[in-house]
Amino acid sequence: MSTVYNEADPYAGSRETTEGRVYTVTGGDWDLTFADPHDEDRLVVNMGPQHPSTHGVLRLVLDLEGETVTKARVVIGYLHTGIEKNTEYRNWVQGTTFVTRMDYLSPLFNEAGYCLAVEKLLGIEAPQRAQTIRVLVMELNRIASHLVALATFGMEMGALTGMTNGFREREMVLDVLEEITGLRMNHAYIRPGGLAQDLPEGAVESVRDLLKILPKRVADFHRLLTGQPIWQNRLKDAGYLDVTGCVALGVTGPILRAAGLPWDLRKVEPYLGYETYDFEVPTADTSDAWGRYLVRMAEVNESLKIVAQALDRLEPGPVMVDDRKIAWPAQLSLGADGMGNSLDHVRTIMGQSMESLIHHFKLVTEGFRVPAGQVYVPIESPRGELGFHVVSDGGTRPWRVHVRDPSFVNLQATAAMSEGGMIADVIAAIASIDPVMGGVDR
Amino acid sequence: MTTPGGDAGSEVVPSGGEAGFDDATAPSGGFRKGAFGVSGSGDTSGFGGLVRVEPGGAVALHSTDRPYGGWFDEVTDALIDAVGQATYDAAVLRVLVDRGEITYFVAREHLLTLAQALRDDEALRFELCSSVSGVDYLDSGGPAADATRPRLHVVLHLTSMTYRRRIRLELAVTAEDPHVPSVTGIYPTADWHERETFDMFGIVFDGHPALTRILMPDDWDGHPQRKDYPLGGVPVEYHGATIPPPDTRRAYR
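These protein sequences, in sequence, are chains A and B.
In case it helps, the working numbering puts the first sequence at residues 1 to 442.
In case it helps, the working numbering puts the second sequence at residues 1001 to 1253.
No wet-lab data here; the hints were simulated from the structure.
Please note that the accuracy of each hint is not assured.
These stretches of chain A come out as covered by chain B in the derived footprint (C-beta under 8 Å, 3 or more residues) [stated by the list, open to error]:
no., region
1, 232–240
2, 396–403
3, 425–439
The calculated label-pair distances, taken between Cβ atoms and stated as ranges, are [unchecked claim]:
no., chain 1, residue 1, chain 2, residue 2, range
4, A, M354, B, E1074, 53 to 59 Å
5, B, L1112, A, L357, 27 to 33 Å
6, A, E19, B, A1086, 37 to 43 Å
7, A, S356, B, T1162, 49 to 55 Å
8, B, E1074, A, I230, 51 to 57 Å
9, A, G158, B, E1074, 29 to 35 Å
10, B, E1237, A, H51, 28 to 34 Å
11, B, T1162, A, N301, 28 to 34 Å
12, B, T1174, A, R347, 27 to 33 Å
13, B, T1162, A, E355, 33 to 39 Å
14, B, W1071, A, V364, 53 to 59 Å
Note that beta-carbon positions come from the ideal geometry of N, C-alpha and C, so glycine has one too.
Put together the whole structure using the sequences plus the hints.
Rendered as structure tokens:
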């Protein structure tokens, strides 16, 4: 059923040769770039996509006059993996394992947003315990993500100790997430209807231990970087973007809050019971990289507060909806080989009940159906508004999953933040945007 | 469903070909082969090439009558005040309230008028364009598959930070004439969203400053997220040997 596309691409001229069709690529606007070869002061510098300071496979094309950037163009797509297309070929539960790989620094947010969208389509709500655990792991994930943002910030500014410290602390958080979900990243822990499994024994204690250590480490980070004159000079007034610019360019998250607008979806459009948690929305009024740094540092502390509250309100209960037409039929349990199906369950369905076996088989291979319709569910990821536009045609697979990834949108602000500034400030601007290319390109 | 207004309607309003649920407009076709969701048969693998009725158009065809409930009426009235009743009637083909979200299906000629009013009017204030994306409602392989059907939908999600409201604008175009006005002049953030939608669906946004591919390589053939574009992509040539694309290695259909 494959369709052959032979229509000409209006943005790339082509001609037939004996070797097949050859394209003349014009999309990169290089002809504009080199239109004026006699301008000797002008220098075009290509940065990336493989460059230690571009935060992943991001490519920048910079027009320079001396050290001043006159034009900054951003080229993306080097990490495009077609995740949105792929989800259309898997069932609704499998979708979780795809979306978790988009923004790989905040996998639990991707899962939570996707699952909230599917649940909204289904008209169901996860049980209370599942919601509390979702908040718990998401806030742990936010801490880990911000720690990477701060660490790479340090690395790109040349403060390498900041990087080693940030990654060390992040690894402690990931150890706890691994204990809870089984994996450091790409957890597929949050599922439509609830969670893959309950918190394992000892997890609560591990989180409490982490809560004792992390505030001290955050204070260390402040001591290491915040007061340092070089750090301040590199960040202050770099990558300026005010509220008007942010809203026009669709920029959300810490960047918008550093411009002074306390826009946090956990407060303004609460989900998963965030309205019942006691936390502040940190803001800054500097609109620059320095403000974004401070906002992220403060958000780590706020997330620690939320984690502590989530731990306190954990009540025993189910972590998956009661509906056996949606909930995965087998409870997972830890076998001799690590994670696996519950042997009791396998014994029951194989030995006693043909109906259970059929039901299990149908649910796992075919999956459940989701009533036709479309929803848009936004949540506050560490980088801003993470929106899931999910369309169902009534079948067992998504008809369309579109992800409004905050990195993708925020990255558009690069030109506005860096044109007219110094080339060194471009790095500060990009680092303060904190784009994750897995999310940008999907 | 609302009667289409003027010339625009015949092009923009789904003519009924997409229906699967709507009895009055039930199409002769609207079938899709080889996916899950087959009922009345023992096969659940999806690999058997079974035929089923395609309900994809259900999303696109229902409409809601007033009152819509909640703040939906407030926004709709404010929009009518802002653009005038005549323009509103011509621009908004139908309105759907579903799962607590409101969708305005609009005619593309009036998209910019509506977007401008939605952004600037004091009672509306949809300052933020959260997302622009496409959806392809195609019945591939069925007798109804036809180039004149408006299968490509553009979906805009607008957010009012002032009133904390979200609405959705949706418009439909055919694959033969996939032109939609660009909202980049009103919402600069739509720049990359529209480039992505062009890249993935081949929807051309007229007035966009530089509508080029953004995720796929510049010389890519076709638009990967269209439903008739196979998963698995292209054969890869390496040292003279050709490795077939995954969709012909494994039966994903």
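A quick look at each hint next to the structure:
1. Given a C-beta distance limit of less than 8 Å, the hint that chain B covers the region 232–240 of chain A is violated, as 0 residues qualify and 3 are needed.
2. With 5 residues having a Cβ less than 8 Å from any Cβ of chain B, the region 396–403 of chain A passes the three-residue criterion, so the hint holds.
3. A stretch counts as covered by a chain when three or more of its residues have a beta carbon under 8 Å from one of that chain; for the region 425–439 of chain A and chain B the count is 0, and the coverage is violated.
4. Distance hint check for A/M354 and B/E1074: the Cβ-Cβ separation is about 55 Å, which falls inside the suggested range of 53 to 59 Å.
5. Checked against the hint of 27 to 33 Å, the C-beta distance between B/L1112 and A/L357 comes to roughly 57 Å, which is inconsistent with it.
6. Between A/E19 and B/A1086 the beta carbon distance is about 58 Å. The supplied range of 37 to 43 Å is therefore violated.
7. Taking the beta carbon of each, A/S356 and B/T1162 are about 53 Å apart, inside 49 to 55 Å as hinted.
8. Evaluation of the 51 to 57 Å hint for B/E1074 and A/I230 yields a pass: the beta carbon distance comes to about 53 Å.
9. Taking the beta carbon of each, A/G158 and B/E1074 are about 53 Å apart, not inside 29 to 35 Å as hinted.
10. Separated by about 29 Å at the C-beta atoms, B/E1237 and A/H51 satisfy the suggested range of 28 to 34 Å.
11. Roughly 29 Å separates the CB atoms of B/T1162 and A/N301, a value that falls within the hinted 28 to 34 Å.
12. For B/T1174 and A/R347, the Cβ-Cβ distance of about 56 Å falls outside the hinted range of 27 to 33 Å, so the restraint is violated.
13. For B/T1162 and A/E355, the Cβ-Cβ distance of about 55 Å falls outside the hinted range of 33 to 39 Å, so the restraint is violated.
14. A beta carbon spacing of about 42 Å between B/W1071 and A/V364 contradicts the range 53 to 59 Å that was offered as a hint.
Taken one by one, the earlier hints fail for this structure at numbers 1, 3, 5, 6, 9, 12, 13 and 14, listed in ascending order.
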